[in-house]
Amino acid sequence: MRKTFASGLIALLPAVFVPAAFAQEADTAPTVELPTATVTKVMTAAVDGFIRPGYDAFQKSAEDMTATMRTLCAAPSQANYDAAKAGFGKLTASWAHIEIVRTGPVIEQNRFERILFYPDRKSTGLKQVQAVLSKSDETATDPKTLATKSVATQGLGALEYLLFGTGSDTLISGNDFRCRYSAAVAENVGNVAAEIAGIWDAPDGIQKAWKQPEVDNPVYRTGGEAITGLLGILVHGAEAVRDQRIETFYKGADKAKFPKQALFWRSENTWPMVIANLDGLSELLTTSGMVELLPEKDRSIVAATEEKLKSMSALAGKVTPDLEKAVEDTSERQKLDTLLADGKDVISKLNDGYGGAIGLSSGFSFADGD
Amino acid sequence: MVWCGETIDRRAFLKAAGIGFAAALSPRSLYALERADAVFASGFRAPDGSFGIATVSEQGEIIDKVALPARAHGMAFSSATGRAVAFARRPGTFAMVFDPTREAEPIVITAPEGRHFYGHGHFSPDGTVLYASENDFDGNRGMIGLYDGRDAFRRIGEFDAHGIGTHDMTVSDDGSLLVIANGGIETHPDFGRTKLNIDRMEPSLVMLDAKSGALIQKHQMPSSLSQLSTRHLDIAENGRIWFACQWEGARNDTPPLAGWFSKGEDIALLSLPDETTARLANYVGAIAINRRENIVGLTSPIGGASVTLDAKTGLVLSEDVVREAAGVAPAAHGIAVSSYDGQFMKTRSAVAWDQHIIRIK
Chain A
1 MRKTFASGLI
11 ALLPAVFVPA
21 AFAQEADTAP
31 TVELPTATVT
41 KVMTAAVDGF
51 IRPGYDAFQK
61 SAEDMTATMR
71 TLCAAPSQAN
81 YDAAKAGFGK
91 LTASWAHIEI
101 VRTGPVIEQN
111 RFERILFYPD
121 RKSTGLKQVQ
131 AVLSKSDETA
141 TDPKTLATKS
151 VATQGLGALE
161 YLLFGTGSDT
171 LISGNDFRCR
181 YSAAVAENVG
191 NVAAEIAGIW
201 DAPDGIQKAW
211 KQPEVDNPVY
221 RTGGEAITGL
231 LGILVHGAEA
241 VRDQRIETFY
251 KGADKAKFPK
261 QALFWRSENT
271 WPMVIANLDG
281 LSELLTTSGM
291 VELLPEKDRS
301 IVAATEEKLK
311 SMSALAGKVT
321 PDLEKAVEDT
331 SERQKLDTLL
341 ADGKDVISKL
351 NDGYGGAIGL
361 SSGFSFADGD
Chain B
371 MVWCGETIDR
381 RAFLKAAGIG
391 FAAALSPRSL
401 YALERADAVF
411 ASGFRAPDGS
421 FGIATVSEQG
431 EIIDKVALPA
441 RAHGMAFSSA
451 TGRAVAFARR
461 PGTFAMVFDP
471 TREAEPIVIT
481 APEGRHFYGH
491 GHFSPDGTVL
501 YASENDFDGN
511 RGMIGLYDGR
521 DAFRRIGEFD
531 AHGIGTHDMT
541 VSDDGSLLVI
551 ANGGIETHPD
561 FGRTKLNIDR
571 MEPSLVMLDA
581 KSGALIQKHQ
591 MPSSLSQLST
601 RHLDIAENGR
611 IWFACQWEGA
621 RNDTPPLAGW
631 FSKGEDIALL
641 SLPDETTARL
651 ANYVGAIAIN
661 RRENIVGLTS
671 PIGGASVTLD
681 AKTGLVLSED
691 VVREAAGVAP
701 AAHGIAVSSY
711 DGQFMKTRSA
721 VAWDQHIIRI
731 K
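Protein chains in written order, with my numbering: chain A, 1 to 370; chain B, 371 to 731.
FYI, nobody ran anything at the bench for these hints, they're computed from the structure. Among these hints, one or two may not hold up.
[Unchecked claim] With a straight-line cut-off of 25 Å between C-alpha atoms, the simulated DSS-like cross-links for lysine-lysine are: (1) A:K122 <-> B:K565; (2) B:K565 <-> A:K344; (3) B:K633 <-> B:K581; (4) B:K565 <-> A:K211; (5) A:K251 <-> A:K122; (6) A:K208 <-> B:K565; (7) A:K149 <-> B:K565; (8) A:K211 <-> A:K260; (9) A:K257 <-> A:K318; (10) A:K308 <-> A:K251.
Note that the structure is a prediction, hence the values are computed from the model and not measured.
Let's have the full structure, built from the sequences with the hints guiding it.
So this is what it looks like as structure tokens:
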């Protein structure tokens, strides 16, 4: 229900919520005006074809990881340790696929940071995880109490250090505390994933708000707002790949390089994460059918964007996982330079190309407010 | 530094800005500048995606424009010194002080380590101090940086803004008070422009002693309005401080979007008609007061509207449909309005006007 906050000409604080009849539709000039039926079709495809399956898959990966960790804890061995490390790769790739959605329940109640605390320039996570290990803090081995601790100790960053960092090989011979802490992290991540998936699955909740923009909608009042929001996922997701995941450690040949600031450099999952991010962007763009909202003359921008995302994904798969080498070797650096340039191109195609085609005269980012 | 996806270091910025201002103002532009009854300045985006600052006549015609290597946001002007400043859009780390007549070399100010500009600032009445809203991002607190206008805008200190997500700020006419709009939204340059605390925002309006930085008064929003981001300010002739807001809560709520307060008084929230609130789409992007006519202008790019209020009563005087409405400023008569799609008063230009306008004459 719509809420109004004050009555009378001037309301002195504290204001009071006063339910009111819906305002009559004002004579507005919305920036983006799109056909309602097509907007609903696109938003439904985005929610049911990408977002909800993405969170469900992530939850399943976290549950699988929890089971794998329990197996390792019960029977420490090289094989079970290797299975745990492989499971971490699957879990992080599953997260990266849906991580591009940086809106909705995932950014409420610190859920995003609880899953992944990054960037972490001051190595807060490393210090806190090491402190937990040195104290053998039992509260970190129970997902319930772990969930109340620092976000840096309870997510994928912590799990990576536990499985790949200094002392991780003790898991083979049976480091009980480290293993139980790892299992608790996996379960905690699964719990957060389940929360998010549950919120998206509620039929009258956010999924309905996304699929059916209307005047009395708590998220999107018009189709234009909904599609602008969907475009925002793509623009911000592409910016995050370029600015947060690559430029964090490499901004160009003549700039300072920080290979150990890269996400998941220890486990060599930096590029698998980037690839899964890019594939997620590509899948959302394709699955949603956003192209249908464009005039025929502008539709090639979508195919060009998809093509560029795919070529970036393929190129990311060819960069060495050894990031020290990647930033020093000339031929490897050329790949990084290409990824940065292509990333900029993708952002421009979405921002100015798609954004301009739906009516944002200066592109999405220019109009994203301040 | 990240400005709209572009990474620009200080040297590159200085070089680009210096080239932009190297040429003297053309005789034609100088004539237009002197002849105009009112002159404005605003940031813009050119069709090729480049950015700049333009001076504009009251009819909306571009008098002069200078390319910038990155996007600017808010601006300020000192009538005492004739200098203007354009601040980087958050999380930018540069601000450029310039002379609209191009008689003086521009000066580029760099935010110190651990700080970035929030996009707004204001000169002291005599123009000797420039105040800038800044983010102490690791400390997650808003700050007001102080820069010495008599010494090449060297940073000479800072005050705690007593809030987070500091955005617009202004100075009382007598220079004794700083008034600050803390939008309440946490951001960090590591996360670009991502809003990190929408579900636990802390918006506030703050008044500081301009000399000491001492807190004089602070108004926090009640819990029911904790998602009402207080973002932009202007001061009326009688000293009343008007503020404009952006609602981060449910889209189908009808929150107050503007209000006022004065020294020693509580804040008053303006209850606009529901239809006006709907027209503003719960988002006011800019506010400006025409003191001579005692009117307040508000714009909403999302709703595509400009609204004029009576500054004494808060009553709506007029509402206009302005697609992608951007900046507002006091005009010789009424309120000057610009738009993202190039409209500035009566003139459409091949630029996208940025969110704010200042009047420099």
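Hints and how they fare:
1. Pair hint K122 (chain A) plus K565 (chain B) holds up; C-alpha atoms about 21 Å apart against a cutoff of 25 Å.
2. A distance of roughly 22 Å separates the Cα atoms of K565 (chain B) and K344 (chain A); the hinted pair therefore holds under the 25 Å criterion.
3. The hinted pair formed by K633 (chain B) and K581 (chain B) meets the criterion: a straight-line CA distance of about 16 Å does not exceed 25 Å.
4. Distance restraint check for K565 (chain B) and K211 (chain A): the Cα-Cα separation of roughly 24 Å lies within the 25 Å cut-off, and the hinted pair is therefore satisfied.
5. For the suggested pair K251 (chain A) and K122 (chain A), the alpha carbons sit about 19 Å apart, so the restraint of at most 25 Å is met.
6. The straight-line distance between the Cα atoms of K208 (chain A) and K565 (chain B) is roughly 24 Å, inside the 25 Å bound, and the hint therefore holds.
7. Of the pairs offered as hints, the one joining K149 (chain A) and K565 (chain B) holds, with about 22 Å between alpha carbons and a cut-off of 25 Å not exceeded.
8. The hinted pair formed by K211 (chain A) and K260 (chain A) fails the criterion: a straight-line CA distance of about 42 Å is larger than 25 Å.
9. Restraint check for K257 (chain A) and K318 (chain A): satisfied, since their Cα atoms lie roughly 20 Å apart, inside the 25 Å limit.
10. For the suggested pair K308 (chain A) and K251 (chain A), the alpha carbons sit about 20 Å apart, so the restraint of at most 25 Å is met.
The earlier numbered hint that this structure contradicts is number 8, and it is the only one.
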